[in-house]
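Engineer: Respectively, the protein sequence lines represent chains A and B. With my numbering, the residue at position 33 of the first sequence is 33, and numbering never jumps. With my numbering, the residue at position 374 of the second sequence is 374, and numbering never jumps.
If you only want the chain B side, here are some residues facing chain A, beta carbon under 10 Å, derived:
{"id": "1", "residue": "11"}
{"id": "2", "residue": "14"}
{"id": "3", "residue": "28"}
{"id": "4", "residue": "31"}
{"id": "5", "residue": "34"}
{"id": "6", "residue": "37"}
{"id": "7", "residue": "39"}
{"id": "8", "residue": "64"}
{"id": "9", "residue": "70"}
{"id": "10", "residue": "74"}
Residues of chain B placed beyond 10 Å of chain A at every Cβ, according to the derived structure:
{"id": "11", "residue": "55"}
{"id": "12", "residue": "100"}
{"id": "13", "residue": "166"}
{"id": "14", "residue": "176"}
{"id": "15", "residue": "349"}
{"id": "16", "residue": "377"}
{"id": "17", "residue": "453"}
{"id": "18", "residue": "553"}
{"id": "19", "residue": "567"}
{"id": "20", "residue": "604"}
{"id": "21", "residue": "660"}
{"id": "22", "residue": "689"}
{"id": "23", "residue": "716"}
{"id": "24", "residue": "748"}
{"id": "25", "residue": "757"}
Hints are computed from structural coordinates only; laboratory data are not their basis. Quantities reported herein were computed from a predicted structural model and do not represent experimental measurements. For each residue, glycine too, the CB sits at the ideal point set by N, CA and C.
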Amino acid sequence: MAEKADVWQGTLALMVLRTLETMGPQHGYGLARRIEQTSDQLLALNYGTLYPALLRLEQEGFIRSRWGSSDNNRRAKFYELTEAGHRQGKKAIAEWEQATEILARFLRPAAEA
Amino acid sequence: MPNPARRFRAICSRFAGLLHMDHGNDDFTAELESHVAMDVDDGIRTGLAPDEARRQALIRLGGLEQTRQTFRERRSLPWVEILIRDVRYGLRGLAKNPGFTTVAVLTLALGIGVTSTIFAVADAALLRSWPAAEPERLVRIVANTPQGPDDLFSYPESQDLAAQGKSLEGVLAYSRHSAILHTASESRQLVDEVVSPNYFSLLGTDPKLGPRFLAAAKNHERIVVISNAVWQRFFGADPRLVGKQISLTGRSFTVIGIAPPGFRGLMPFVPVELWLPLTTWGGENDRGSRDFELLGRLRPGVTAAEARAEIDTIGRRMAQDYPALNRGRTVSIVSERQRLREAAAPTLLMMIAVGMVLLICCANVAGLILARSDGRRKEIAMRLALGATRARLIRQLLTESVLLAAGSAALGLLLAVFLFRLQPALMPPSKVALGLDLHLDATLILFTTVSSMLAVLIFGLSPALQATRVDYVAALKRGETGADRSRRRVTLRNALVVVEIALAATLLTASGLVLRSLLASRRIDLGFDRQRDFVFFDMEPNLVAGYTPARTAAFFDEVETRTAALPGVKHAGLAQRVLLSETEGAVSKRVSIPGVQLPQDQPTIPVKFNAVDGNYFQAMGTRILEGRAFAITDSGTALKVAVISRNMANRFWPGGSALGRQIVVDGTACIVVGVAEDAKINGPREDPEPYLYLPFAQWPSNHASLIVDGGADSRALIAAERIVFQSADHNVPYEVRTIGYLMRQSFWSDQTLVGFVGTLGMLAIFLGAIGLYGVIAFIVNRRTREIGIRMAFGAERRNIVQLMLRQGLALAGIGACVGLVASLLTTRFLASVLYGVKPTDPLSFAASAIFVVLVALAACWIPARRAASVDPMQALRVE
Chain A
1 MAEKADVWQG
11 TLALMVLRTL
21 ETMGPQHGYG
31 LARRIEQTSD
41 QLLALNYGTL
51 YPALLRLEQE
61 GFIRSRWGSS
71 DNNRRAKFYE
81 LTEAGHRQGK
91 KAIAEWEQAT
101 EILARFLRPA
111 AEA
Chain B
1 MPNPARRFRA
11 ICSRFAGLLH
21 MDHGNDDFTA
31 ELESHVAMDV
41 DDGIRTGLAP
51 DEARRQALIR
61 LGGLEQTRQT
71 FRERRSLPWV
81 EILIRDVRYG
91 LRGLAKNPGF
101 TTVAVLTLAL
111 GIGVTSTIFA
121 VADAALLRSW
131 PAAEPERLVR
141 IVANTPQGPD
151 DLFSYPESQD
161 LAAQGKSLEG
171 VLAYSRHSAI
181 LHTASESRQL
191 VDEVVSPNYF
201 SLLGTDPKLG
211 PRFLAAAKNH
221 ERIVVISNAV
231 WQRFFGADPR
241 LVGKQISLTG
251 RSFTVIGIAP
261 PGFRGLMPFV
271 PVELWLPLTT
281 WGGENDRGSR
291 DFELLGRLRP
301 GVTAAEARAE
311 IDTIGRRMAQ
321 DYPALNRGRT
331 VSIVSERQRL
341 REAAAPTLLM
351 MIAVGMVLLI
361 CCANVAGLIL
371 ARSDGRRKEI
381 AMRLALGATR
391 ARLIRQLLTE
401 SVLLAAGSAA
411 LGLLLAVFLF
421 RLQPALMPPS
431 KVALGLDLHL
441 DATLILFTTV
451 SSMLAVLIFG
461 LSPALQATRV
471 DYVAALKRGE
481 TGADRSRRRV
491 TLRNALVVVE
501 IALAATLLTA
511 SGLVLRSLLA
521 SRRIDLGFDR
531 QRDFVFFDME
541 PNLVAGYTPA
551 RTAAFFDEVE
561 TRTAALPGVK
571 HAGLAQRVLL
581 SETEGAVSKR
591 VSIPGVQLPQ
601 DQPTIPVKFN
611 AVDGNYFQAM
621 GTRILEGRAF
631 AITDSGTALK
641 VAVISRNMAN
651 RFWPGGSALG
661 RQIVVDGTAC
671 IVVGVAEDAK
681 INGPREDPEP
691 YLYLPFAQWP
701 SNHASLIVDG
711 GADSRALIAA
721 ERIVFQSADH
731 NVPYEVRTIG
741 YLMRQSFWSD
751 QTLVGFVGTL
761 GMLAIFLGAI
771 GLYGVIAFIV
781 NRRTREIGIR
791 MAFGAERRNI
801 VQLMLRQGLA
811 LAGIGACVGL
821 VASLLTTRFL
831 ASVLYGVKPT
841 DPLSFAASAI
851 FVVLVALAAC
861 WIPARRAASV
871 DPMQALRVE
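Go ahead and model the full structure; you've got the sequences and the hints to work with.
Structural biologist: Laid out in structure tokens, this is it:
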């Protein structure tokens, strides 16, 4: 099994926004599992680190939370995107794509040489 | 995602998180529980045993407590949280120990309050509120003559300086006078400055007022600018006053402007209320009448040295051009700011003195904190042992000190404001308002904040460092450590306490002396009946146009007759001047006495005199010892007569009677018809000297004082008298003085000295007591175990109290002795201000020593009692 990568600074929030965008309202545990799955188990995600990130997004007004019940009838706190969260998600994705593209240009010649 | 608005929202949310801390944490605990439960469910579904599933879930989570911790830190602001906790802890600690808190806060508040007050005084004396633009370019033009410095110039001279001085933008002239403001209901004497037209524009006081004043003054218009204070007090801040006429000393002037608030003229202590242009005042063309002080404004870029050289040249030219007036007179400049700074040097010295007082306060409070933290030694050792860092504990202890300082600063500011209010009462009694412009402003608050935070470093840091420097194993085992290390510190503190008490003893001895002196001078026979409720009305018809000598005499006569008829008036008399007036009593007549050799073969000698009418002696209660007082028959056309003082009679006719003798007053022969008892002329402490009373009718004056003894209700008398004056002639200005005012004026310097030295003495003894209390309390805490052992071996409470008192009294005794010796050496400097008491007065010395010892006893009593209440079993079991 390949060595798992750490979560890069600042990318966790983007992953959360993106995941909520595609999946709709989700609780913390579900989010953690989903992020892990999406990364094909390549990411070493400490589930606990998700919660401060969620709190921060909530404090910034990008997501909101409420208590509900899960698929197998457990009480859980569900997070969903706010209007600002949707916008922020799009903006962050655009920024991230631009950043990776720029970085790719730097890396390409080195790879070819 | 660095979006400022979002970040702000997050911070607000975190502050909100501080408020419902517990709720948020409970909520998150529930969320974590559900998270783990779901993970465990999934684990069991894949076939794991429940325990194993839970173990793996927790590993994936990264630990429950760790997660909760990072969440908490994100949820609110950890440092604020700790701060709040420290503040709460500090407040709780202070509240638990109200005695300590009260004493510490009072001590610091005194120190801070006094320091802030003196700072405000120094600030105001340095003309903080000079609303002059660029005051650093203002220079004072001064002259030097062979007789000494002379700072007065005539207006033509100021114009020469302005015209020839290329280094100066301009020169302004001003001269201080007083004028009487007549309003519908009263006439009040106010300080005015007669100024050159460019006064406001050169100062740059107000951009609109300057040019307006300049233009009107150049047109010789009769205009006036009034101070903001006068505008508020006499005209109810009427916005339509500008352009209207007001009446000043019998003439009407147009108000062309109100000075900006806080503009008080050019001297810190004497606030100016009116500004009149010298062009309407006359005398501005006389080169010889030097009435004006001059200020110049340097042109931008010109140095003071360049300007000084140029002004010096102009001065030499003046000496050549006008040798009669200016021979030997040189002219120079000094920086006005520099001059004011030098004039304010005494307040800077006071600043240093109160800074020392604040230091002593800090040292005392440090002692108190140390005595207390000794009791917390075990708590601190326990917390260090449990893993608290030293920095954390220091921060916590310092938070407590900051709380103390904050409370003290607030209280100190209140004290300062209270002292500001006291200022009018502390100023010498005067017809015009004196005093500095003292008020609470941002500068003062900033100063107080900074000085109290510096105080925290002094009184808080050292005890905090010391309290946390604990060998905690030993401390927990034995409950005491570091006794040897702090022994030297105790000695230092003992020395400080001895010095404080010595200082207090010295100041209290001095207080006793000046108090005895004041009481003695209050018993001086003033030569009139001071028990009567005199009111003096100083009338000045000379300021009103049209008052001929005859009309003046008729006016005085009418007022006196009407007054005597008022209900409640027991006596009324008339005199040119009132006794005990420092400035008014010194006028004298040249007197020669036929047949008597005058000292040094002088043809005449100056004798102070008063012109009085027939009712004067009876009204004042001045006894006639021989002969008679004046009578209605001593009229202007009758034989010239005089009444002389006993001192004069004894000096020139020793052994014989002066009655019927002839004296020559200003060339007029008079017959002595009476001898009056000696009265104090200028001040209560003066020695008797020759004094002359002349009949008012024969020596008329264009101003006079009406002396009325109208019973206890002087307010009713003043109200009734106002009607008398209004019906006689409401244009004649008059001032009212009461006997109380006169007495305050006469005894002001003595009373102020008593108040000042006494306050310092009480402050010093208070600080000394606090210092002593701190030392003894510290010793009691240190020796709890020893006391327990003593009591276990049969010592009685009484013995323990005695043991502790003895320690305190030893310190107090040494301090008192040092203080008394210091007093013996220093009180002789008071000799010149003492009356009727020797500088070595044993009563004052004994009273001071006894008082110091009593206060010291009281200060030691509290900790000594606590020592005696030690429960021996408990004290020993603590081990």
